[in-house]
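Construct the entire structure; sequences and hints are all you get.
Residue numbers (our numbering), protein chains in the order written: chain A, 140 to 436; chain B, 205 to 525.
Please note that a few of the clues may not be correct.
Stated by the list, open to error - Here are the simulated distance ranges between beta carbons:
# : chain 1 : residue 1 : chain 2 : residue 2 : range
1 : A       : Ile217    : B       : Asp275    : 50 to 58 Å
2 : B       : Gly258    : A       : Trp233    : 33 to 41 Å
3 : B       : Ile423    : A       : Asn353    : 38 to 46 Å
4 : A       : Arg301    : B       : Ala379    : 33 to 41 Å
FYI, nobody ran anything at the bench for these hints, they're computed from the structure. Bear in mind that the values here come from a model prediction, so they are computed numbers and not experimental data. Ideal placement from N, C-alpha and C gives every residue a C-beta, glycine not left out.
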Amino acid sequence: MTAVTPNRATHAAAPRKRRRTGRGGTLGSTGLYIATGVAGLLFLVPFYLLVRNALSTDAAITGENWQFFPTDLKWGNIGELFDDPTVPFARSLWNSAVVGVLHTLGTLLVCSLAGYGLARIPYRHADKVFYAVLVTLMVPSAVTFVPSFVLVSSLGWVDSLRGLIIPGLFSGFTCFLFRQYFLGFPKELEEAARMDGLGYWGAYWRVVVPNSLNFFAAIATITFISGWNAFLWPLVIGQDPDAWTVQVALSSYMTNQTVNFHLIFMATAISILPLVFVFLFLQRWLVQGIAQTGIKG
Amino acid sequence: MSTTTSHEVPRSAPAEATAARPRRFRRDGSTVNFWLFTGPFLIGLIVFVYVPIGWSLWLSFFEARFTVTPDKFVGFDNYRQMLENSNFTGSLVTFTVFAAFIVPLTWALSLGLALMVNRLRFMRAFFRSVFFLPTACSYVAASLIWKMSIFSGVRFGLMNTVLGWFGVENIAWLANPDPPWYWLVIVSARLWLQAGFYMILFLAALQNIPPELYEAAAIDGAGPGWQTFRHITLPQLRATSTAVILLLLVAAYQAFDEFFNLLSKTTWGRPPLVELYYTALGQAQDYGAGSAGAVILTLLICMVTLLQGTFMGFGRGEKAE
Numbered sequence: 140m141t142a143v144t145p146n147r148a149t150h151a152a153a154p155r156k157r158r159r160t161g162r163g164g165t166l167g168s169t170g171l172y173i174a175t176g177v178a179g180l181l182f183l184v185p186f187y188l189l190v191r192n193a194l195s196t197d198a199a200i201t202g203e204n205w206q207f208f209p210t211d212l213k214w215g216n217i218g219e220l221f222d223d224p225t226v227p228f229a230r231s232l233w234n235s236a237v238v239g240v241l242h243t244l245g246t247l248l249v250c251s252l253a254g255y256g257l258a259r260i261p262y263r264h265a266d267k268v269f270y271a272v273l274v275t276l277m278v279p280s281a282v283t284f285v286p287s288f289v290l291v292s293s294l295g296w297v298d299s300l301r302g303l304i305i306p307g308l309f310s311g312f313t314c315f316l317f318r319q320y321f322l323g324f325p326k327e328l329e330e331a332a333r334m335d336g337l338g339y340w341g342a343y344w345r346v347v348v349p350n351s352l353n354f355f356a357a358i359a360t361i362t363f364i365s366g367w368n369a370f371l372w373p374l375v376i377g378q379d380p381d382a383w384t385v386q387v388a389l390s391s392y393m394t395n396q397t398v399n400f401h402l403i404f405m406a407t408a409i410s411i412l413p414l415v416f417v418f419l420f421l422q423r424w425l426v427q428g429i430a431q432t433g434i435k436g
Numbered sequence: 205m206s207t208t209t210s211h212e213v214p215r216s217a218p219a220e221a222t223a224a225r226p227r228r229f230r231r232d233g234s235t236v237n238f239w240l241f242t243g244p245f246l247i248g249l250i251v252f253v254y255v256p257i258g259w260s261l262w263l264s265f266f267e268a269r270f271t272v273t274p275d276k277f278v279g280f281d282n283y284r285q286m287l288e289n290s291n292f293t294g295s296l297v298t299f300t301v302f303a304a305f306i307v308p309l310t311w312a313l314s315l316g317l318a319l320m321v322n323r324l325r326f327m328r329a330f331f332r333s334v335f336f337l338p339t340a341c342s343y344v345a346a347s348l349i350w351k352m353s354i355f356s357g358v359r360f361g362l363m364n365t366v367l368g369w370f371g372v373e374n375i376a377w378l379a380n381p382d383p384p385w386y387w388l389v390i391v392s393a394r395l396w397l398q399a400g401f402y403m404i405l406f407l408a409a410l411q412n413i414p415p416e417l418y419e420a421a422a423i424d425g426a427g428p429g430w431q432t433f434r435h436i437t438l439p440q441l442r443a444t445s446t447a448v449i450l451l452l453l454v455a456a457y458q459a460f461d462e463f464f465n466l467l468s469k470t471t472w473g474r475p476p477l478v479e480l481y482y483t484a485l486g487q488a489q490d491y492g493a494g495s496a497g498a499v500i501l502t503l504l505i506c507m508v509t510l511l512q513g514t515f516m517g518f519g520r521g522e523k524a525e
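Below is the structure:
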């Protein structure tokens, strides 16, 4: 698997350090593995419960005798969930996918361009523009949901995908990350491109972007995850069930009077499945991207 | 690209930029290009960030119920109303209690996990994934699992089942504020969700500590374990710790999802954002008071951030590194 190799490479240097810091003895290392294993099990229990309940009947979930292992797996729960007419679950998944993808692509486009402009294009007032971006980082995005809702509703964008996607594209934080990244991008590559007669625009698309795909992938992964998991804004905007994202649909189960445990857990399991895949296969970019960018927050 | 290069890149960048930026590629209409690149973002930023903030500030001085274009100026009445509202001030207390639990606990747990994972010789990537995986879960999904399976107040909940083995009666985890068991539910959910993320930050920082420091400490006779940790590892993690605590505090202030989902039908345990949600978008649709609350909250967050920055010396540690 190609995605995993770089991890190994990254950590290849580490054991040397570790051997000096570690206690070294077999006893210490056994204890370490036991402690790590116990912690790991605790972290996995919620996932186990989720899958167990998703593939059980209501009777098995709420039964008197709690069974750790279900006796038979109900794969039919998947079909039942999508056939259930009371909750538009398929529709909400589709909304989330559309919003997630467009939100990610839009953010990458708008914020990377701005980050590049701020980092590399000489302009007298660039500093002032940059401060205007920095100031927005001071105002927590969640606190602005009231004013943002006021604005978006006056634009008539409530219950629409526009309202879900567009206001979130202009992330001062993402722009800031791109600027930091481009400041460190090797200048020689761009200079060569410009010798060959490319303008800023051409150099950006033909030299800078193709050589920055790692960073773009890291930001894309992080943006997609936060978009997929976002709850407050979709809750505020999606008042009509047809505009619900999957998180709002899940939340609606909790306030719903009729409780179908197996369907709720199946829906939850399906809602986190895409991200679990993203995590397992794109770890390289994710871990690297977070280690590199998260700290600067 | 290896992790090492990507770490060094941003750090050396600012100095280089100020030195080299002004005089390169001057001739070719760079002003036009600057606006071509940054224009779309800036327009969006103005429309979707600056305008709402300004509008909100304006609304906070008007009586604005069910309308976003009010005409009745009320001065600081909305602010007074929010500050006299025991639900709102109570929500600030809720937040403070929450932060007092979640910030140190997450800091300790994520640092502990990072130290453990960093020491592993085998299966390191596996355990890192295990601890990191909950980050894939949304707060809504975690709330569902916590509320309906682990801390369900009835007999089939996991915790009540386990407690039942020891003869303990069912506990209504969320349905009763006295004793406030709901804190255990809220805090454990967030701990599970975010510890892995901060563990990654600590792991990155641990791997950046020069091994020579440990060698020198060993020569000086520092015992491995606690002494080395106290005198080498912890000071070296200062910059990361500061950043992590800052991020945790901001994240705690913005807590909404798990409180809204776990305590949807209760009147207790409402942090500021949930309170604002009900004020502005609930029955009353009171945008004026909601906006005033948002302004108060923003000011508070800025103050806490600045104070924390002054006390912990944000940024100072990074240079020393």
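33 to 41 Å was suggested as the range; check whether the CB atoms of glycine 258 of chain B and tryptophan 233 of chain A agree with it. Distance hint for glycine 258 of chain B, tryptophan 233 of chain A holds at roughly 35 Å.
Evaluate the given range 38 to 46 Å for the C-beta pair formed by isoleucine 423 of chain B and asparagine 353 of chain A. Between isoleucine 423 of chain B and asparagine 353 of chain A, where Cβ atoms are some 39 Å apart, the hint holds.
Is 33 to 41 Å a correct range for the gap between the Cβ atoms of arginine 301 of chain A and alanine 379 of chain B? 40 Å, holds
Would you say the C-beta atoms of isoleucine 217 of chain A and aspartate 275 of chain B sit inside 50 to 58 Å of each other? For aspartate 275 of chain B against isoleucine 217 of chain A, whose Cβ atoms are near 54 Å apart, the range 50 to 58 Å holds.
The earlier numbered hints are all upheld by this structure, with none contradicted.
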